[in-house]
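J.: Whole structure, please, built from the sequences with the hints as guidance.
If you read the protein sequences in the order shown, they are chains S and R.
Positions 2 to 454 (the numbering used here) are the ones given, in order, by the first sequence.
Positions 264 to 323 (the numbering used here) are the ones given, in order, by the second sequence.
Rather than coming from a laboratory, the hints here were simulated on the basis of the structure.
For every residue, glycine included, the Cβ atom is placed at its ideal position computed from N, Cα and C.
Mixed in with the good hints, there may be bad ones.
Label-pair restraints from in silico Cβ distances [said to hold, decoys possible]: (1) R:A289 <-> S:R355: 54 to 62 angstroms; (2) R:A286 <-> S:D123: 38 to 46 angstroms; (3) S:R31 <-> R:K296: 29 to 37 angstroms; (4) S:E63 <-> R:K296: 50 to 58 angstroms; (5) R:G301 <-> S:E63: 34 to 42 angstroms.
Some residues of chain S that are not near chain R, with every Cβ distance over 10 angstroms (derived) [as the list claims (entries may be wrong)]: (6) P5; (7) A51; (8) A68; (9) E274.
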Amino acid sequence: MYQPDPGSFRDPASHVVHEGGRVLRLLDERGLRGWEALSSSEFFAEATAAGKLIPAHRVDFEGSEAAAAIEHPVVPFVSYPYEWTFSMLKDAALLQLDLLDRALRAGLTIKDATPFNIQFVDGRPQFIDVGSFEAYEPGEPWIGYRQFTRQFLFPLMLHAWAGVAYQPWLRGDMEGPTAADMRRLLSLGRRLKPAAMMHVSLQARMEERMSGASVRQELKSAGFSAELILANVAKLQRLVSSLEWDGTGHGWVEYESCSHVERDRETKGGFLEGAIERHGPRRVLDLGANDGYFSEIARRHGALAVAVDGDEQVLDALYRRGTTVSLALGDLTNPSPAQGWAGVERPSLFQRARPDLVIAYGLIHHLIYTASIPPTTVIDWLASFGCPVLVEFVSPEDPMVARLTANKTSAELHPGRTAPEFESILGARFETLGRVELGGGVRALYEVAPLNR
Amino acid sequence: MIFGYLDAGSGSLILQAVLGGAAGIAVAFKAWKARLMGKEAMAEAEAPAESDDQAVPTET
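T.: Rendered as structure tokens:
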């Protein structure tokens, strides 16, 4: 029996189901026609070969009234645009435009333009909604243009031109800022740039004046053609390519980022490799992954690695280096929750991560000392993953802790911060499998597994 | 204007033609005019009903 994917339901022509670990897309008659137009095109062969479009092939399927079923490979880790760094969203936008350009030249079109149709696979964006393609009807305008501006272009402009992070916005409103919002948010200088005048000011004005009207037929009769879309797409490609982020306004994390001590890296790496050999994890979650050093060790051992960090600059740099580690920008004290329709359409970050092993290096002292989360709560949280954890303990004598607590009295700090207290809390929830001291005795690594697994 | 699940936004559709360049501006203008003429035709169709009412004397 198959389960419908809770995030795929809006288009009656095509929706995703899961059956026994396989990902299938069920099509109705209209969806089938779109699939046949797509799969018989050279565009499809080239785009899948280049890794830009998810592979797909027709399969037999019983158990529903669908006209046809196609199968896709499973995307190992699903992430959402509010978890993407600037360069990730920019590359996703360029992929969308590139595919639309090639599709139109092949007599096809893409119905919509949303980053939720794109996933990162092996460090590169890949378009995964095969159901979005259909034959292009001559005279038809680009229906997805407005959505493209709201979900790709305007968020990128927020970062690049207003120095404002778009992730909090997209997490709160997945539809993205409107042209009218952008008109209010951009400075006068920016608004006068030709691109802003067209896509922001002019679009906002026309939306106000023409709401509720139907113009598709008039456009077709007036001679609208694919050439006009292609010209627009080419301009958008130049515009998006030109958007650069200088790292300002990366507003997820207020607390200072920890400059990780290089001298212990080898020990920590070796400790991780030992744990990987012992537990053989397929999915590793690296909490506070920073530059991804440890995630990449996990990758080298053939595991999926999900790196979560609240520092966009560091994560963006990791992405641009071409890592195959899966990335998610997130504040660990407020990670992406389950949201969307019925609260299930877009599962939470940790629901999607589903790790077999968790790395918590250089993390918990930030949670305890900067975010004021009691050690017992932090350990409970680590236990909730239900798998082995590698946790780095930092004692109050460490100079980093001294810096973090410089302006706090001990009455303001929670109990459980010393090594014996910490081990006692740990022992209530975990079995300790290994321990290694670091940094001159003020830090230690623990390999632990949950009790009663 | 809704296409499937996606509200394409009529203003955005007309704008696309403009963004397509010089050829597109001509298209946009023609489409805009056609829409305006469509609205005028609809308004005229409703007018005769009003003048009938006014011919009927009303009591004060």
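J.: For every hint, state whether the structure bears it out.
T.: Here's how the hints hold up against the structure:
1. Between R:A289 and S:R355 the Cβ separation comes to about 55 angstroms, which falls inside the hinted range of 54 to 62 angstroms.
2. For R:A286 and S:D123, the Cβ-Cβ distance of about 41 angstroms falls inside the hinted range of 38 to 46 angstroms, so the restraint holds.
3. For S:R31 paired with R:K296, a C-beta distance near 33 angstroms keeps the hint of 29 to 37 angstroms intact.
4. Our hint of 50 to 58 angstroms for S:E63 and R:K296 holds, since their Cβ atoms are close to 54 angstroms apart.
5. Between R:G301 and S:E63 the Cβ separation comes to about 49 angstroms, which falls outside the hinted range of 34 to 42 angstroms.
6. Under the 10 angstroms C-beta cut-off, the non-interface status given to S:P5 relative to chain R holds; the minimum distance is some 16 angstroms.
7. With a minimum CB-CB distance of about 27 angstroms to chain R, S:A51 clears the 10 angstroms threshold, and the non-interface call stands.
8. Distance check for S:A68 against chain R: the nearest CB is about 17 angstroms away, which clears 10 angstroms, and the non-interface claim stands.
9. No Cβ of chain R comes within 10 angstroms of the Cβ of S:E274; the nearest lies about 47 angstroms off, and the non-interface call holds.
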